[in-house]
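**Student:** Sequence:
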Amino acid sequence: RELIEKAVSERLVSDVPVGAFLSGGVDSSVVTTVATAVRGTPLPLFCAGTEKQSLNEFSHAQRMASILQASLHNETVRSEEFASLWPALTRFKGMPLSTPNEVSIYRLASALRKSCTVTLTGEGADELFGGYTQPQFGAFDFERAAESPEDVRVDDPLSYAFVMRFGRGFFYNDVDHFFLTNSWVPMARKAELFKPEIWKSLE
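Going from the sequence shown to this note's numbering is simple: count from 1 and add 121.
Rather than coming from a laboratory, the hints here were simulated on the basis of the structure.
Hints should not be assumed to be uniformly reliable.
Said to hold, decoys possible - Dumping the calculated DSBU-like pairs for lysine-lysine here, alpha-carbon to alpha-carbon at most 35 Å:
no., residue 1, residue 2
1, 311, 214
2, 173, 214
3, 214, 321
4, 321, 311
5, 235, 173
6, 214, 127
7, 311, 235
8, 127, 235
9, 311, 173
10, 235, 214
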């Protein structure tokens, strides 16, 4: 708590307007709560989501904003924007985007910039606060998983969960596990995108 309060306090020192990203998840909720306590007044908050209510975080962010008595701006990102913004964002970064949510973050930052110059965010804090299950349970799941098709037990709930998520209920080794659990695009699909000689040269 002491370290978080110190880190947030130092980043609130600004001679320009400060806002914050809020998804309603663990990370951004911790940051915005501490910021509100330190300032004594809430920051303007911004949340990105989709047109489909079941896929966005607006309700979670609104619940947190209400607790903090803060204003919340919801920025709706439409599916076609991923295709239209991808080339420009790749050019801005000078490299491919690492995850699809970079498009949403760009839209969120653009909206925030209209009234604020500095933003606080929970980005990058998932491993620290335990916001996502993957960093916490990835190694544990790997240790319990089958190592070949022959080892998969059809009555095992864990194997079933792996089949539903990865298309199979086993991992050959730790490298196989890493690529399956950390790839937005499955390895088999990636292989289809390259000429065979290029794919083989990539090892």
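**Student:** Hint by hint, work out which the structure violates, then give me just those numbers in ascending order.
**Tutor:** 7
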